[in-house]
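Peer 1: Here is what each chain is made of, one letter per residue.
There are 2 protein chains.
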Amino acid sequence: MKIQLAESYGFCFGVKRAIKIAEENKNSATYGPLIHNANEIERLKRDFNVALSENLDSFKSGDTAVIRTHGIPKQELELLHERHVDVIDATCPYVTKPQQICEEMSEQGYDILIFGDEAHPEIKGVKSYATGRAYVVNSAEEVDALNLREKVAVVAQTTRRIEDYQKIVGKLMMSHKEVRVFNTICNATFDNQDAVYKLARESDIMIVIGGKNSSNTKQLHSIALDACFNSYHIESQEDLQSQWFEGKNFCGISAGASTPDWIIQAVIEHIKLLSQP
Amino acid sequence: MKIQLAESYGFCFGVKRAIKIAEENKNSATYGPLIHNANEIERLKRDFNVALSENLDSFKSGDTAVIRTHGIPKQELELLHERHVDVIDATCPYVTKPQQICEEMSEQGYDILIFGDEAHPEIKGVKSYATGRAYVVNSAEEVDALNLREKVAVVAQTTRRIEDYQKIVGKLMMSHKEVRVFNTICNATFDNQDAVYKLARESDIMIVIGGKNSSNTKQLHSIALDACFNSYHIESQEDLQSQWFEGKNFCGISAGASTPDWIIQAVIEHIKLLSQP
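Those protein sequences? They're chains A and B, same order as listed. Each residue of the first sequence is one higher than the last, beginning at 1 in my numbering. Each residue of the second sequence is one higher than the last, beginning at 1 in my numbering.
Check the hints yourself; a few may be wrong.
Treat identical chains as interchangeable: a pair holds within one or across any two.
[Stated by the list, open to error] Below, computed lysine to any residue pairings styled on SDA-like, alpha-carbon distance capped at 20 Å:
{"id": "1", "residue 1": "Lys-20", "residue 2": "Ala-51"}
{"id": "2", "residue 1": "Lys-151", "residue 2": "Tyr-135"}
{"id": "3", "residue 1": "Lys-124", "residue 2": "Leu-146"}
{"id": "4", "residue 1": "Lys-26", "residue 2": "Arg-43"}
{"id": "5", "residue 1": "Lys-177", "residue 2": "Asp-194"}
{"id": "6", "residue 1": "Lys-171", "residue 2": "Asp-191"}
{"id": "7", "residue 1": "Lys-177", "residue 2": "Gln-108"}
{"id": "8", "residue 1": "Lys-177", "residue 2": "Gln-166"}
{"id": "9", "residue 1": "Lys-16", "residue 2": "Glu-42"}
{"id": "10", "residue 1": "Lys-177", "residue 2": "Pro-93"}
{"id": "11", "residue 1": "Lys-167", "residue 2": "Leu-146"}
{"id": "12", "residue 1": "Lys-167", "residue 2": "Lys-177"}
{"id": "13", "residue 1": "Lys-20", "residue 2": "Ser-53"}
{"id": "14", "residue 1": "Lys-167", "residue 2": "Glu-178"}
{"id": "15", "residue 1": "Lys-97", "residue 2": "Met-174"}
{"id": "16", "residue 1": "Lys-177", "residue 2": "Ile-162"}
{"id": "17", "residue 1": "Lys-2", "residue 2": "Asn-230"}
{"id": "18", "residue 1": "Lys-97", "residue 2": "Arg-149"}
{"id": "19", "residue 1": "Lys-167", "residue 2": "Ala-140"}
{"id": "20", "residue 1": "Lys-177", "residue 2": "Asp-191"}
{"id": "21", "residue 1": "Lys-198", "residue 2": "Met-174"}
{"id": "22", "residue 1": "Lys-74", "residue 2": "Glu-118"}
{"id": "23", "residue 1": "Lys-151", "residue 2": "Lys-177"}
{"id": "24", "residue 1": "Lys-177", "residue 2": "Arg-161"}
{"id": "25", "residue 1": "Lys-171", "residue 2": "Asn-187"}
{"id": "26", "residue 1": "Lys-151", "residue 2": "Ser-106"}
{"id": "27", "residue 1": "Lys-177", "residue 2": "Asn-187"}
{"id": "28", "residue 1": "Lys-177", "residue 2": "Tyr-94"}
Keep in mind the hints are simulated off the structure, nothing from the lab.
Take the sequences, apply the hints, and build the full model.
Peer 2: What follows is the structure, encoded as C-alpha cells:
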C-alpha cells in the first residue's frame, strides 16, 4: 500500500514556538494544557519537568506560569500578575490578534461576533477581551437568533474553515449596515486544510492524527471526510485498526497543528506493519 | 388573463424625494437626468419647466442646478459652488452614504473597493470621494486581478443584488486581514427584488417596467428571468408585443424605482387590451 503525507501538516508556528518556550522554562508549569496533545505534554514533563496545572490558585508568588498556546481569559491573566506569578506567555500570536481586535472593537462601540466553539479555551480567552456585547456562534444558522446592533465586528477561531466563516459573514451582511470582518483564521490552518483536501481526493483511506479535543484536527478530519469516506481521526498508532486497511491501495496522512513528528512517524510505521500482505 | 403587481415595486423614497424637490424648483435645470426615466423627465419639463442639461458649463452664477438622485462627482459639485450656482441637492441619501464612507475610509488608510458599474453616474460620484486608492468591480471574478492592500473597505451600488455582493466579500475575506463591509444596497432595492422573485415564480409572463439605463430595473429583470423564462424589460406600453401573451394565464408586473405610477397604469391597461380573447 502506498502511504503519503499531505503537502502541509502538523506543527504550526505557534505550537513550535510554545514548545520552545516550555523547553526553555524547565521546572515551570503550564496553566492548562500547553497544546492539545497529551503525548507531547507528557514528553515536556518527562524531559523538561514542565508540569501542568488546571488550577489557577496553584500558582503562588514567584512561581512560573506558562500560558498555553490558546491563551487564557484576560481576568485570569490579570490575577496571575496581581499575585506576582512570573508569567511566560506562550499564547500563539495568531490568537493574541483576535483578543486585541475584540478589545479595540468593543471600545469603538461594535457588537462582537465570534465564530467558534464557546467551550474552547481559545474562544473563552478571546471573548474575555470584549468590554461590550459579545456573542459566540458555531454556525451560520445560529446567527438568526442573535439581536445584534447595526455595527458588528467579526473574528473567527484560528482553526475554522473559511467556507463556514464566509456563510456567517454573508448572513450578517444582509441585516447589518456595517460588518467589519477580521480574517483571524491562521495561515497554517489554511495550508493544512487545503493539503488534506487535495490528498483525501486521491486516497482510499485517510488517517488524520491529533488530540481528540484539538479543534484544528477535528476540522482536518471533517474536510478529509468530505473527499474520502474512509477517513479516521486518531490520537496515536494505538487507535489504528487493521481492518480499516483491508483492500486499500493508497493511504493519505495528515496531522493537526499540535501533533509532533515523532507520533506521526510511529503511526506511519504501524500502518506499514498492519498493511503488510 | 390574471394580471398581478409585485408586493413591492416602483418609486422608492429617494426618487419620490427628488421629484418633489424638482417640482418645488420650477424653472430650474437638473445636471444630468434627475432619474433614469425619460417619460417622467418630460413631465417635469412640461408641467414644471424643469430643464435637463448634460453640460456643467451651462450653469452660470445665479442659476439653479438640481443634483440628480445618483449624485455627481465631488469635483463637479465643488465647481458649481465655486461658480456661485445655486445648488439644490436631490442626491438620494442612500447614495450620499457610500460617498461619505469612501471619503472616511480613504482617510483612515483603507483601499476602497466599489461593487458596481464603473460607467454608472452613481458609481462615478461615489468613487470621486475616495482620496486614496479605489477600484470598481462588476463581479467577484474581477476581484482576482486587483492588488489590494491588507485592509479593504467595500461599498456596493445601491441597486445591486446582495447574493453577488456576498460573493465579492467572500473572496476578499480569503486574502485580506480586514474587510470592512458596508451594506449600501438600499432597502427599497431589497424589497423590490424579493417581491419580483416571489411573483416571477408564480407567473408565466413577467413584465418589468423601467428606463433602459436604469440599473435597479435591469437587476429586477435579471432576477425575474431567474424564476420566469418569459420576462421582459420594457420602458412603456409601446414596447409591449401581443404575441408575448399568447397562451399565457398569469402576468406578473414589477417596476424599477424610477418608474412613475402613471406609466405602470398605462402598461396594465394596454396588457388588458392585448390579452383580450
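Peer 1: One pair to classify: Lys-20 and Ala-51, alpha carbons no more than 20 Å apart. Within, between, both, or neither?
Peer 2: Within one copy only: 15 Å inside, 76 Å across.
Peer 1: Can you tell me if Lys-124 and Leu-146 fall within 20 Å by alpha carbon in one copy, between copies, both or neither?
Peer 2: Classified as within: same-chain Cα gap 19 Å, cross-chain 37 Å, threshold 20 Å.
Peer 1: Treating 20 Å as the Cα threshold, decide for Lys-16 and Glu-42: within, between, both or neither.
Peer 2: Classified as within: same-chain Cα gap 16 Å, cross-chain 72 Å, threshold 20 Å.
Peer 1: Have a look at Lys-177 and Asn-187 and pick one of within, between, both or neither, based on CA distance no larger than 20 Å.
Peer 2: Between copies only: 11 Å across, 29 Å inside.
Peer 1: Between the shortest in-copy and the shortest cross-copy C-alpha distance, which are at most 20 Å for Lys-177 and Asp-191: within, between, both, or neither?
Peer 2: So Lys-177 and Asp-191 pass the 20 Å test across copies only (16 Å; inside, 32 Å).
Peer 1: Have a look at Lys-2 and Asn-230 and pick one of within, between, both or neither, based on CA distance no larger than 20 Å.
Peer 2: Classified as within; 15 Å inside a copy, 56 Å across copies.
Peer 1: First find the shortest C-alpha distance between Lys-177 and Pro-93 inside one copy, then the shortest across copies, and answer within, between, both or neither for a cut-off of 20 Å.
Peer 2: between (30 Å within a copy, 14 Å between copies)
Peer 1: Since the copies are identical, ignore which copy is meant and state whether Lys-167 and Ala-140 lie within 20 Å (CA to CA) inside a copy, between copies, both or neither.
Peer 2: Answer is both: 6 Å inside a copy and 16 Å across each meet the 20 Å cutoff.
Peer 1: Since the copies are identical, ignore which copy is meant and state whether Lys-177 and Tyr-94 lie within 20 Å (CA to CA) inside a copy, between copies, both or neither.
Peer 2: between (28 Å within a copy, 12 Å between copies)
Peer 1: My question is about Lys-167 and Lys-177: at a cut-off of 20 Å on alpha-carbon distance, are they close within one copy, between copies, both, or neither?
Peer 2: both (17 Å within a copy, 17 Å between copies)
Peer 1: Is it within a copy, between copies, both, or neither that the alpha carbon of Lys-177 lies no farther than 20 Å from that of Asp-194?
Peer 2: between (32 Å within a copy, 19 Å between copies)
Peer 1: Up to 20 Å between alpha-carbons, please classify Lys-97 paired with Met-174: within, between, both or neither.
Peer 2: between (27 Å within a copy, 17 Å between copies)
Every hint, counting from the list given before, is met by this structure.
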